[in-house]
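Below, each chain spelled out in residue letters.
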Amino acid sequence: MALSGVEIFKYLPKTNCKKCGHPTCLAFAMKLAAKQASLDACPDASEEAKKILGEAAAPPIRAVTIGTGDKAVKIGDEICLFRHEKKFFNPTVFAVSIKDTEAGEAAAKKIEAVKSSEIDRVGQKLRVEAIAVVEESGDPAKFASLVKQVVDSAPGVPLILVSKNPAAIEAGIAHCADKKPLIYAATNDNAEAMAKIAKEKKASLAVAADGLDAVTALSEKVKGLGVEDIVLDPGARKAKDMIEQYTIIRRAAIKKNFKPLGYPIISFAADGNPMTEAARASIAVMKYASIVVLSNIEKWKMLALLSLRQNIYTDPQVPMQVAQNIYKIGEANENSPLMITTNFSLSYFIVRGEVENSKVPSWLAVMDNEGLSVLTAWAAGKFTASRIAQFITESGVEKNIKHRELIIPGYVAILSGALEEKLPGWKITVGPREANGLPSFLKGRA
Amino acid sequence: MALAIPKEAYSGKIYEVQLGTGPKAVTIGGANALPFLGFEGVFPHKPAIALEVTDTSPDDWPETVRKAIGDAGKSPAQWAKLCQSAGADIVALRLIGTHPDQQNKSPEEAAKVAAEVASAVDIPLIVLGSGHAEKDSQVLQAVAAAVRGKNCAIGKAMEENYKTVAAAAMANDHKLIAMSQLDVNLAKQLNILLTQMGFAKERIIMDPMSSALGYGLEYTYSVMERIRQAALLQNDPMMQTPIVCDIGMNVWKVKETMAPEAEVSEWGSLEDRAVAWEVITASGMLAAGADMLIMRHPGAAAKTKELISELM
Ligand code: B12
Ligand code: SF4
Chain U
1 MALSGVEIFK
11 YLPKTNCKKC
21 GHPTCLAFAM
31 KLAAKQASLD
41 ACPDASEEAK
51 KILGEAAAPP
61 IRAVTIGTGD
71 KAVKIGDEIC
81 LFRHEKKFFN
91 PTVFAVSIKD
101 TEAGEAAAKK
111 IEAVKSSEID
121 RVGQKLRVEA
131 IAVVEESGDP
141 AKFASLVKQV
151 VDSAPGVPLI
161 LVSKNPAAIE
171 AGIAHCADKK
181 PLIYAATNDN
191 AEAMAKIAKE
201 KKASLAVAAD
211 GLDAVTALSE
221 KVKGLGVEDI
231 VLDPGARKAK
241 DMIEQYTIIR
251 RAAIKKNFKP
261 LGYPIISFAA
271 DGNPMTEAAR
281 ASIAVMKYAS
291 IVVLSNIEKW
301 KMLALLSLRQ
311 NIYTDPQVPM
321 QVAQNIYKIG
331 EANENSPLMI
341 TTNFSLSYFI
351 VRGEVENSKV
361 PSWLAVMDNE
371 GLSVLTAWAA
381 GKFTASRIAQ
391 FITESGVEKN
401 IKHRELIIPG
411 YVAILSGALE
421 EKLPGWKITV
431 GPREANGLPS
441 FLKGRA
Chain H
1001 MALAIPKEAY
1011 SGKIYEVQLG
1021 TGPKAVTIGG
1031 ANALPFLGFE
1041 GVFPHKPAIA
1051 LEVTDTSPDD
1061 WPETVRKAIG
1071 DAGKSPAQWA
1081 KLCQSAGADI
1091 VALRLIGTHP
1101 DQQNKSPEEA
1111 AKVAAEVASA
1121 VDIPLIVLGS
1131 GHAEKDSQVL
1141 QAVAAAVRGK
1151 NCAIGKAMEE
1161 NYKTVAAAAM
1171 ANDHKLIAMS
1181 QLDVNLAKQL
1191 NILLTQMGFA
1201 KERIIMDPMS
1211 SALGYGLEYT
1221 YSVMERIRQA
1231 ALLQNDPMMQ
1241 TPIVCDIGMN
1251 VWKVKETMAP
1261 EAEVSEWGSL
1271 EDRAVAWEVI
1281 TASGMLAAGA
1291 DMLIMRHPGA
1301 AAKTKELISE
1311 LM
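Line by line, the protein sequences are chains U and H. The numbering of the first sequence is the working numbering, which starts it at 1 and goes up by one. The numbering of the second sequence is the working numbering, which starts it at 1001 and goes up by one.
A few of these clues could be false.
Quick list of in silico lysine-lysine cross-link-like pairs, BS3-like style, CA-CA up to 30 Å [what the hints assert, rightly or not]:
no.: 1; chain 1: H; residue 1: 1112; chain 2: U; residue 2: 240
no.: 2; chain 1: U; residue 1: 87; chain 2: H; residue 2: 1024
no.: 3; chain 1: H; residue 1: 1024; chain 2: U; residue 2: 299
no.: 4; chain 1: H; residue 1: 1067; chain 2: U; residue 2: 382
no.: 5; chain 1: U; residue 1: 86; chain 2: H; residue 2: 1188
no.: 6; chain 1: H; residue 1: 1188; chain 2: U; residue 2: 255
no.: 7; chain 1: H; residue 1: 1188; chain 2: U; residue 2: 238
no.: 8; chain 1: U; residue 1: 142; chain 2: U; residue 2: 109
no.: 9; chain 1: U; residue 1: 115; chain 2: H; residue 2: 1305
no.: 10; chain 1: U; residue 1: 221; chain 2: U; residue 2: 51
no.: 11; chain 1: U; residue 1: 240; chain 2: H; residue 2: 1074
no.: 12; chain 1: U; residue 1: 299; chain 2: H; residue 2: 1007
no.: 13; chain 1: U; residue 1: 382; chain 2: H; residue 2: 1255
no.: 14; chain 1: U; residue 1: 255; chain 2: H; residue 2: 1253
no.: 15; chain 1: H; residue 1: 1255; chain 2: U; residue 2: 125
These are calculated hints, taken from the structure and not from any lab test.
Let's have the full structure, built from the sequences with the hints guiding it.
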């Protein structure tokens, strides 16, 4: 919980030496409280002050980074329970598990699936970010060789090393020692050994226990052993336990600043039935899991889960939007058709995608409507004939094209009359209602 | 440090609304805590699932869902029976054929279909107009009378037509579905207007307006979370009506439920993808507080029921 200026002041040297650039320790304390200064600026601050103030300033849920380089993922660091309160910041990481008993062909296939999992959605690149290598064989050497296979064939992909046997983790981590994997997991029986490995290799460490009390105790124990980057698994494997346990963890961390639970959550959604697994994983995504481990990553399943994650993690205050512009699609020339839509990312990317599908080079006029969809903008009085006319006139598009024809979305057909009035010399054509009608519409004209 | 379970102090409770009569009647609502948080509240009733039937054959629905319905789609009564045997808790008859831009069927025709469907099944019935505010006023009056005594949910009452629709429901002892447009205040406002005209708030089911996964789901999700918080934490009696999410019609018009795998290989199997689209949309609405869902694909509905069992 954040400390007030006066509380912080208690821990400062109170010498008013001004070395921090502020006239008094109190003034500096006020700046610290307002997060406009850093304690580093005071050369005389005691170790105790650093520790206490550091802890107080720490986010309620610790940020943990897994992996290194541009594929590394940051999880945790959330500040609210409901997205409308502010937003959710660091999207749930999806990982697929590969068991060392399925090494070889099957493993290779899954690794390939991860590497080709990227999809483009509303202008964002989404993918399965991580691989969980699971020891089931009981043989550390076998586990280690799968870790090596994964490291070699999917370089840079963040790893989760899954085994309760410290010897297996030791053998496996040898192949990714400098890659900051997540070790899963410390338990009551192996905590010391696992903590030692995690510290040595600067890896993060998951703590797995049965229930909230047990995971609290274990998290404290591992912290006491010197591990900072902790991830929690309170044991939920079914949707109900996930919602309940994860909600309690998130609440305890954010509302009570309860440090032992102030860490990201890892969730295992696996089920023999892929649709059941998808449904369960969706609950974990919405209800605070920072990592969801899946047993398989079928394309259809990931499309749905990645879309859900994108929905839940968008900023509720600011719709995703693109810049107002006349976009050229394909080798559009002066005779190519001109269409208009709004700058809501979803509208833009759907329409753009369909125009690309049609293979008909085109111009797409994207009008700033504060990121509202076509119908919403129209209903809000922002996508009106006079505003569209003004935008088209001022956009300079008349220099790009010889014709004077504007294709409008079918849902706002009602605008066509008024638009022809406001844009003298222009022909207004009503396009299909749904963007997926565009390919045949455009091809039919060509 | 021992963990003290941080519990919310709820002061409100969702009204319990019963639909249908006899042994197959369904009650929704009754929760006194945020969704599925069994450690701090009670949830006397499972969220219910209604499968949708229309008064015209579903020729413009995507193939995946049409296939699942098969020939039954040609007769609303047969189709309703299929829904019941597929495990639906409720049948939702949507009178889309009455829309002036569709077949512009008359209120009398609509009433006949509604009566047929009502007698084909013994599970409760939701009867929805086509969404054309004016026409629905007439259609729903006729329909409400035709299914009198069945304790149905009639809808949707909207800002433009709530008076006539609510009067029809009231006169024939039905419950009412009231839809507003994705806005907490508008939802509350409509409930207030309805109670002011004498419609009991305990008989309203609120539709905050649904959207599909990937197409605005997050708006519905957050509006519902806010409604539920107002109901339970602020004890706002105008927000304590159960929530219905009409997801099928939103899900089965997006590209993800239609595009064949050959066209979008990176999206994987169409069949699984389409069903997953409805299941995950349902999951989102359940997590945000839905008490009742209107769905289209029997397989997706069955999967959603499974999820509900896992959540209760
Ligand atoms: C999410 C949503 C909102 C969000 C805003 C989201 C956003 N960023 O725009 C919020 C909650 C803010 C909102 C508010 C309102 N909304 Co609203 N909203 C929706 C909802 C559910 C989804 C909109 C969406 O994201 N659509 C997806 C995008 C991609 O659709 P689109 O831009 O129209 O594009 C499609 C087509 O138009 C076409 N297309 C697009 N461009 C082009 C270009 C060409 C050339 C062609 C051919 C085709 C084409 O392709 C796309 C896909 O097929 C719709 C209902 C629905 N299911 O559509 C209602 C809806 C649009 N909203 C509606 C209304 C009335 C409102 C409000 C006025 C109500 C209110 N609460 O006051 C406000 C107005 C906003 C304001 N005052 O600021 C109505 C509009 C009714 C109408 N016909 O007038 C709708 C249709 C709901 C309804 N059935 O009543 N809304
Ligand atoms: S440098 Fe430290 S001791 Fe000196 S005035 Fe600033 S806060 Fe006080």
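Structure-based check of each hint:
no.: 1; hint: H:1112 - U:240; result: violated (43 Å)
no.: 2; hint: U:87 - H:1024; result: violated (42 Å)
no.: 3; hint: H:1024 - U:299; result: violated (39 Å)
no.: 4; hint: H:1067 - U:382; result: violated (41 Å)
no.: 5; hint: U:86 - H:1188; result: holds (23 Å)
no.: 6; hint: H:1188 - U:255; result: holds (28 Å)
no.: 7; hint: H:1188 - U:238; result: violated (34 Å)
no.: 8; hint: U:142 - U:109; result: holds (18 Å)
no.: 9; hint: U:115 - H:1305; result: violated (34 Å)
no.: 10; hint: U:221 - U:51; result: holds (19 Å)
no.: 11; hint: U:240 - H:1074; result: violated (39 Å)
no.: 12; hint: U:299 - H:1007; result: violated (39 Å)
no.: 13; hint: U:382 - H:1255; result: holds (27 Å)
no.: 14; hint: U:255 - H:1253; result: violated (41 Å)
no.: 15; hint: H:1255 - U:125; result: holds (19 Å)
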